[in-house]
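Full structure from sequences and hints, please.
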Amino acid sequence: METKRMEKKVQVLLGLVVAAFVVLLVRLAYLQLIEVDKYQVMARQNHLRLIPIMAPRGEMYDRNGVRIVGNRPVYTVSLAYLGLQDTDRVIARLASILVGERAFQGMSEQEIRQEIQKKLDEQKNGQKLSLYEPLPVAEKVSPETVSRIEEQRLELPGVLIDVRPMRDYPYGDLLVPVLGYVGIMNQQELDAHKDEGYNLGDAWGKDGLEKTYEAYLKGERGARQVEVDASGRPVRDLGLKEPVPGDNLVLSVDARLQRVAQDALARRLAELRREGYGQARAGAAVVLDVNTGEILAMASQPTYDPTIFVRDLTRKEWNDAWAQISRDQSLLNRALSPYPPGSTFKMVVSAAALESGKVTPAFSIMDYGRYKYKTDWKPGGHGRVDLVRALKVSCDTYFWTVGEMLGPELIGQYAREFGLGEKTGVDLPGERAGIVPGPEQKSKLWKQYLDDVQKEMDAIRQEYGQRLAAAGEGEKAALQKEMDSRLAPLQDRYSKIEWELKWRDYDTMDMSIGQGNNYYTPLQLANYVAAIANGGILYQPHLVKKIVAPDGQTVQEFSPREIRRVKVSPQTLAVIRQGMYQVSLPPDGTASSIFAGATYTVAGKTGTAEVQGHDNHAVFVAFAPYEKPEVAVAVVVEYGGHGGVAAGMVARQILDAYFSMKDAPPTAGLPGGEAQAQSPSGGQPQPAAPQQGPSRPATGVQQRGATNPNRQPSPAPGQGDAGPGGGNSKPPAGGQNNAGRDTGGSVVPGQGQGNPPPGNAPEGTTGPPGTGNTPGGNTGTNN
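Take the sequence shown: its letter number 647 is residue 643 in this note's numbering, and every next letter is one higher.
Hints listed in this document are in silico derivations from the structure and should not be mistaken for laboratory results. A couple of the hints might just be wrong.
[Said to hold, decoys possible] Dumping the calculated DSS-like pairs for lysine-lysine here, alpha-carbon to alpha-carbon at most 30 Å:
(1) K114 x K207
(2) K624 x K541
(3) K312 x K115
(4) K451 x K368
[As the list claims (entries may be wrong)] Quick list of simulated restraints, FRET-style, between CB atoms:
(5) R311 x Q183: 58 to 64 Å
(6) P375 x L464: 28 to 34 Å
(7) R561 x K624: 17 to 23 Å
(8) K190 x Q487: 33 to 39 Å
None of these values were measured; they are calculated from a predicted model. By construction, the Cβ of each residue, glycine as well, lies at the ideal position given by its N, Cα and C atoms.
Here you go:
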């Protein structure tokens, strides 16, 4: 009986064993016969790695083939996440090798280890790091460090050494900040462009042309397939896919003229500071081909050293350099930022007056130096002036008179006709539209301040309403008096702002001489002058002539593009051109001394835009030659004083260079860098081995009459844009016209701090009013 029971148990056990073996055999057969392809692929992937090879970015050349931006190869250390348990040991050993590298200078081994671990943890926790994907640890490492890593290769599984192309700037700050700069993609940028072939650690155009043409410049990454052992150590190369360099950009810029524009602007700023204009630290200059819209030069001061983004800098050196950039707002392209145009706006008023039939070229006035409650910049006035002479001597009285005949709507119509107050469409990020003032714009501007004051008064009334309700009879009188004392200045302020809701005659007069809330970019001013010069064609300015593939094939070519033909007759444009030409002629053209002795003819216009509490902005526009125009120039010098003295002298140097260098070598006047022009289709370097290693002049502006200052200061870095501030004195309500309109504010856009920064500041138009004052624009007299 016992034996039968035992036999039965053995049979059950045997059946279970057989069943288990059957299951195992079925599973083995399934894996070996049916799933064989899948697991063969997985096995290969387990010992094969694809190591990405960064593609060199496309380079940038000037119109004559001079390389402005190139590439140079540098060593990069990355850590491939292998999922190994001894990753901490690998990081510790790598950190010990990286001690002393400039990227980690001043950091201890422990701090470097923590930095690497932090990067790895951030990517793993964010599920952004795949197995075997390289995580960049250090760039631009020295050959000595590379040798040490190679010597300890067996102890450093997953540590990769790669050769990456890095941006190279043969001519330093040439064309900064137009070029923009390149940086490693941040997480936000990677998330936004993850479907475009970008990976962790890829380069990305952060601003300027680098950003606009990122899709062309980036190239196509290559890869190296290597076999690795169980620890992830490379055993042998199995294949290589060469990276495809990005497309090259051939720019419309002439590097020689660009160098002259930058240096002339920088020198003049330095001279002005020595002459007493202590705030003259920034400005912009634009040079356009009037017949194509091509930008021949675009300068913005101050600039910065673009190599700080690619050089081996210690953390302190980087922080110091970045602090200087933030302080100077040098990433801001001031050629795309709006300024009050001053008297350079008078050609718009001239066009509106002649085209509307309100005046003829022969219409004249007797200028005694005053108009209503306004005083011309020249005491005693200019005598008898017609339109041409009014432009020549920049007679404010003439344009105040004509401006009131026209009204703001008609002036604004012709300002927009010439492209002012609208973006030009230039191929750069961060362009701003500027402002064409008018009744509606003014009402909207002041209404927001009126609403703010109303909210303050409502809050006070609500606060005291509650306190009065809870107060005893003896306290109510004191509380009511306290509330009234707090409301009184706000009510006075409310009344002043309420007055400014409506467009007044002084607004029209200010608008007619380019003050008030007129704000236009130097690029817009140059383009508007180019349209006057070429007979009325408003072109879209552009910086890139063509895009060329690495093999020399043209990918895209950019022809001149007309925005529109301005609705101004050839006869009117001819009269305006004549007036601008007279500006450069003796004895009393406002720029006659600036262009004395020039070997070419020039038509120009000076502008001096008043800024409350600061020196005036200096503005100058011109085209040349007068008889057959080729080139237009616009120069703005912040707080530089008189337009001719400050900005006109910069324009003179630019125009001298333009006409003198036509037969000069392509690199004439370019210090350092390459000595010859190169073909945009060749010479794209492949990443092989890294390289080793007097007294202050008078402005001519008289300020008269009462002022109501409210000029808002330029914002501190990080605060965004400052808007038009300024005071508006007005004739008293009783009808006495004895108050003069004086000075106002200017827009000097701010640049937020960051690391790296987002680029140019966003569009903005207004700033908060100062205590007890009301917002307004640039006002007064100018020449």
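Structure-based check of all given hints:
1. K114 x K207: 29 Å, holds
2. K624 x K541: Answer holds: K624 to K541 is near 23 Å, not above 30 Å.
3. K312 x K115: Between K312 and K115 the Cα gap is close to 21 Å, so the pair holds against 30 Å.
4. K451 x K368: 37 Å, violated
5. R311 x Q183: 58 to 64 Å: 21 Å, violated
6. P375 x L464: 28 to 34 Å: With a Cβ separation near 58 Å, P375 and L464 fall outside 28 to 34 Å, so the hint is violated.
7. R561 x K624: 17 to 23 Å: Between R561 and K624, where Cβ atoms are some 19 Å apart, the hint holds.
8. K190 x Q487: 33 to 39 Å: 56 Å, violated
Checked against the numbered hints given earlier, the structure breaks hints 4, 5, 6 and 8 and satisfies all the rest.
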